[in-house]
Amino acid sequence: MYAYDELDRTLINERVSEFRDQVKRRLAGELTEDEFKMLRLQNGVYLQLHAYMFRVAIPYGTLSSKQLRALARVARRYDRGYGHFTTRQNIQFNWIKLAELPDALADLAEVGIHAMQTSGNNMRNVTSDQWAGVAPGEVEDPRIWSEILRQHTTLHPEFSFLPRKFKIAITASEHDRAAIKVHDIGLRLHRNADGETGFEVLVGGGLGRTPFIAKTIKPFVPGRDILSYVEAILRVYNQYGRRDNIYKARIKILVHELGIEKFAREVDEEWRQMDGGGLTLDHSVIEEVRSRFSYPAYEKLPHMPDELKQAAHDPLFERWRKNSVAPHKVQGYSIVTLSLKPVGGPPGDATADQMDAVADLADRYSFGEIRVGHEQNLALPHVAKRDLPQLWKALDRIGLATPNVNLVTDIIACPGLDYCSLANARSIPIAQELTRRFANHDTAEMIGRLHINISGCINACGHHHVGHIGILGVEKNGEEFYQITIGGRADENAQMGALIGPAVPYAEVADVIEDIVEAYLALRDRPEELFVDTVKRLGVEPFKERVYATR
Amino acid sequence: MPLVKQGRITTDPFVHAVDGAELPDDGAILVPAARFLEDPEAVLKRAGKVGVIWPNNRDLDDLVPYLDRLAAVALVFPSFRDGRAYSQARLLRERHGYDGEMRATGQVLRDQFVFMSRAGFDAFEVKKDADADAFAATVKRYSVFYQPTGDGRVTAFNRRMQLRHSESAGQ
Amino acid sequence: MTSPLQQKIKITGPSMVTANRTSDGVVIYRTAQQGWSASLSDAAIVRTSDEARALLNEANADDVGAIGAYIAPVELKEGGEIKPGNLREHIRSKGLTIDLLPA
Numbered sequence: 001m002y003a004y005d006e007l008d009r010t011l012i013n014e015r016v017s018e019f020r021d022q023v024k025r026r027l028a029g030e031l032t033e034d035e036f037k038m039l040r041l042q043n044g045v046y047l048q049l050h051a052y053m054f055r056v057a058i059p060y061g062t063l064s065s066k067q068l069r070a071l072a073r074v075a076r077r078y079d080r081g082y083g084h085f086t087t088r089q090n091i092q093f094n095w096i097k098l099a100e101l102p103d104a105l106a107d108l109a110e111v112g113i114h115a116m117q118t119s120g121n122n123m124r125n126v127t128s129d130q131w132a133g134v135a136p137g138e139v140e141d142p143r144i145w146s147e148i149l150r151q152h153t154t155l156h157p158e159f160s161f162l163p164r165k166f167k168i169a170i171t172a173s174e175h176d177r178a179a180i181k182v183h184d185i186g187l188r189l190h191r192n193a194d195g196e197t198g199f200e201v202l203v204g205g206g207l208g209r210t211p212f213i214a215k216t217i218k219p220f221v222p223g224r225d226i227l228s229y230v231e232a233i234l235r236v237y238n239q240y241g242r243r244d245n246i247y248k249a250r251i252k253i254l255v256h257e258l259g260i261e262k263f264a265r266e267v268d269e270e271w272r273q274m275d276g277g278g279l280t281l282d283h284s285v286i287e288e289v290r291s292r293f294s295y296p297a298y299e300k301l302p303h304m305p306d307e308l309k310q311a312a313h314d315p316l317f318e319r320w321r322k323n324s325v326a327p328h329k330v331q332g333y334s335i336v337t338l339s340l341k342p343v344g345g346p347p348g349d350a351t352a353d354q355m356d357a358v359a360d361l362a363d364r365y366s367f368g369e370i371r372v373g374h375e376q377n378l379a380l381p382h383v384a385k386r387d388l389p390q391l392w393k394a395l396d397r398i399g400l401a402t403p404n405v406n407l408v409t410d411i412i413a414c415p416g417l418d419y420c421s422l423a424n425a426r427s428i429p430i431a432q433e434l435t436r437r438f439a440n441h442d443t444a445e446m447i448g449r450l451h452i453n454i455s456g457c458i459n460a461c462g463h464h465h466v467g468h469i470g471i472l473g474v475e476k477n478g479e480e481f482y483q484i485t486i487g488g489r490a491d492e493n494a495q496m497g498a499l500i501g502p503a504v505p506y507a508e509v510a511d512v513i514e515d516i517v518e519a520y521l522a523l524r525d526r527p528e529e530l531f532v533d534t535v536k537r538l539g540v541e542p543f544k545e546r547v548y549a550t551r
Numbered sequence: 552m553p554l555v556k557q558g559r560i561t562t563d564p565f566v567h568a569v570d571g572a573e574l575p576d577d578g579a580i581l582v583p584a585a586r587f588l589e590d591p592e593a594v595l596k597r598a599g600k601v602g603v604i605w606p607n608n609r610d611l612d613d614l615v616p617y618l619d620r621l622a623a624v625a626l627v628f629p630s631f632r633d634g635r636a637y638s639q640a641r642l643l644r645e646r647h648g649y650d651g652e653m654r655a656t657g658q659v660l661r662d663q664f665v666f667m668s669r670a671g672f673d674a675f676e677v678k679k680d681a682d683a684d685a686f687a688a689t690v691k692r693y694s695v696f697y698q699p700t701g702d703g704r705v706t707a708f709n710r711r712m713q714l715r716h717s718e719s720a721g722q
Numbered sequence: 723m724t725s726p727l728q729q730k731i732k733i734t735g736p737s738m739v740t741a742n743r744t745s746d747g748v749v750i751y752r753t754a755q756q757g758w759s760a761s762l763s764d765a766a767i768v769r770t771s772d773e774a775r776a777l778l779n780e781a782n783a784d785d786v787g788a789i790g791a792y793i794a795p796v797e798l799k800e801g802g803e804i805k806p807g808n809l810r811e812h813i814r815s816k817g818l819t820i821d822l823l824p825a
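Residue numbers (the numbering used here), protein chains in the order written: chain A, 1 to 551; chain B, 552 to 722; chain C, 723 to 825.
For reference, chain A alone in the conformation it holds in the complex (with noise of 0.2 Å):
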């Protein structure tokens, strides 16, 4: 966990009183809603169907079990006792009221939690790896240099007026958990050839309605340069940015428009003439924001205790260990992960009731700490193996050990029409409803993994694009039309998945899925071979054959 001293305290809470101070000149029609709109953005305030929709970060997915109460608090005082989790570790809150948030915000900033830049045209949360400093394997912790990253960005005096929203993604492992290749900026830390640990620079990713892969600028930037390095970046991006359509806005449009490598050429330049600009973080600097995260005194416990052993006679334990538990960096201990994708229910949701019970249980099983990650799960980092019995039997009870992680099941949606403003179609009932069609989990496991993505509009909150299968939701003649893509992925072999044809009306949603997954179990070359190389190997096609033959 990272502790906040009495500056981050400090400035978490001018910036609340700064906010209430900007609330009371709105209500008192000081301000127009013109001018209040971007402030209100600045602090994650948006504007959806029926209410406010308030966005709070969870700066690079790491929660303690105080913060987590805290925000089952909120949900509890100032909202309607829920929550829901989005795919950049933050929460969202549907229904507060103006008039009350900032009593919800200083209620949070007790426990340095904050809502700075969870939307508006500035640096939002940079996110990471759910698993940093847990995961076996991994370079270093992500987490210092999230951290790092997350002050530098916090009220940017340069760029708090970007063209547009600018993220930051950061992973340390091989396998990317964080979809650094789908950000404005994503940085892979590795180490080079001479042992040094630096950042291989990727920019320009993104998806919404101008999908982009993001490119390599610069593959080793070492990390004491990295501050300097974004932040030339971002100066080239604030003054050539397109600033007079937002669909062109992104540096993604920028970077394509001018090249890469003369957009490198930009940067490179800028870069060399701020000289550090004052960045250059000294050794002394990385290693107190390091010392700042502590670590739990790990006790030396055996690989496989015997209340594993015995629970192992138990085939839903069993069942759910093979497919939520996940290998920790310290013997006798797990990495578990609590699926908020249960049959029939909302993607993402957690009820304040369930922030209070996994508080809980994270105090007793997890060192007190919780990770949120961009599929809209929740995890506990660190738990001992000998625990694990007891903790799903506890989970179970609170329907979050529903063994469906990474599974057809385990679906990422956007909130969609039935809470959005920008949203064409609804998200939620079509991932219901496919939630209820594969209910089986033997059939779940059979097909393996899948990653379905639901967005309700082409800006791809649902991170439909790279979903193994996609499904994007459009309006046509007032009905609600679904796109269906297939073959995409979010991870270190990130791509945009491939259109199968014309899009299908609501009803029939599900049943074209089944006919996909169908259509996969009859044509994969072993029961190994996962749904999206599947769709690698033979193409869209055989697919497209078989969804539309009879349509």
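If you're looking for bench data, these hints aren't it; they were derived computationally from the structure. Fair warning: there could be bad hints in the mix.
[To be verified] Cross-link-like lysine-lysine pairs, in silico, DSS-like; alpha carbons within 30 Å at most:
#, chain 1, residue 1, chain 2, residue 2
1, A, K165, B, K691
2, C, K730, A, K476
3, A, K24, B, K678
4, B, K600, B, K556
5, B, K556, A, K24
6, B, K679, A, K165
7, B, K679, A, K37
8, C, K730, A, K248
9, A, K37, B, K556
10, B, K691, A, K37
11, A, K97, B, K691
12, C, K816, A, K97
13, B, K679, A, K97
14, A, K248, A, K262
15, B, K678, A, K37
16, C, K805, A, K97
17, A, K24, B, K691
18, A, K37, C, K816
19, C, K816, A, K476
20, A, K476, C, K732
21, A, K165, B, K678
22, A, K37, C, K730
23, A, K476, C, K805
Because the structure is a prediction, the values reported are computed rather than measured.
Let chain A serve as the given structure and place chains B and C on it in line with the hints.
Positioned in the frame of chain A, the structure of chains B and C alone reads:
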């Protein structure tokens, strides 16, 4: 539109040059970039002080040669959402060493004062009277700063390192 | 940006003006009495583009009380009952279409 300098509302010594009209022989004037660049020497040899209004999409390289003879540079916020002038301000102060008046013009509102002063602005043509009145209080709203800029405020990183040094010195 | 006052307005059927209340975000409808109501049944119904424009201008003038006002279609049932004219307005008026708890 009130002008705030040194934290106070003040009378503007500069007169905006009117398009097409002759420049007055003396007195401080603010000249649009295009007009200034037509004949910079002619403008600069006038008796009065000269400031230039520089648009936010024009390369600073054309302005840099004249910086040490300018009394003011006015940068423009055509909308409060358009942040290009923040970069221009920092570059003028931090890279080109400009130390004259740097004025924020256009859509200048209360909630940008902190960002602007951190970027190097020291004069503000404020759109609303109430915002100008609130300048002194607003600009002091924050006491913690994460980024180093040319404004010399000590960053959080620096304060922490100082704290560490004093702690270890005391041991 | 085009001011909402200058936007071209064309309606093809009976319509109302809706927005969200500034203080708490609640869905509201412009009434014929130059106020707002949280109930669609109180909405002023307009039938021509000129009427729609006038009602929207009046709504937009209340920048303190309401945000994001726009014109939306309605269906008029026999007996004068007002129904939302599309799915979006149906959801805004009736609430979520989904179960919040797993079922």
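Against the structure, the hints:
1. A:K165 to B:K691: Holds. K165 of chain A to K691 of chain B sits at ~27 Å (cutoff 30 Å).
2. C:K730 to A:K476: Status holds; Cα separation ~22 Å.
3. A:K24 to B:K678: 19 Å, holds
4. B:K600 to B:K556: 17 Å, holds
5. B:K556 to A:K24: 27 Å, holds
6. B:K679 to A:K165: Judged against 30 Å, a Cα distance of about 28 Å means the pair holds.
7. B:K679 to A:K37: 18 Å, holds
8. C:K730 to A:K248: 24 Å, holds
9. A:K37 to B:K556: 28 Å, holds
10. B:K691 to A:K37: Holds - the C-alpha atoms of K37 of chain A and K691 of chain B are around 23 Å apart, at most 30 Å.
11. A:K97 to B:K691: 29 Å, holds
12. C:K816 to A:K97: 19 Å, holds
13. B:K679 to A:K97: This hinted pair holds, its Cα atoms lying about 28 Å apart.
14. A:K248 to A:K262: Given pair K248 of chain A, K262 of chain A holds - Cα atoms ~18 Å apart, limit 30 Å.
15. B:K678 to A:K37: At roughly 18 Å apart (the allowed maximum being 30 Å), K37 of chain A and K678 of chain B satisfy the hint.
16. C:K805 to A:K97: 26 Å, holds
17. A:K24 to B:K691: 19 Å, holds
18. A:K37 to C:K816: 26 Å, holds
19. C:K816 to A:K476: 22 Å, holds
20. A:K476 to C:K732: 19 Å, holds
21. A:K165 to B:K678: 26 Å, holds
22. A:K37 to C:K730: Status holds; Cα separation ~23 Å.
23. A:K476 to C:K805: 21 Å, holds
Violated hints: none; the structure is consistent with every hint.
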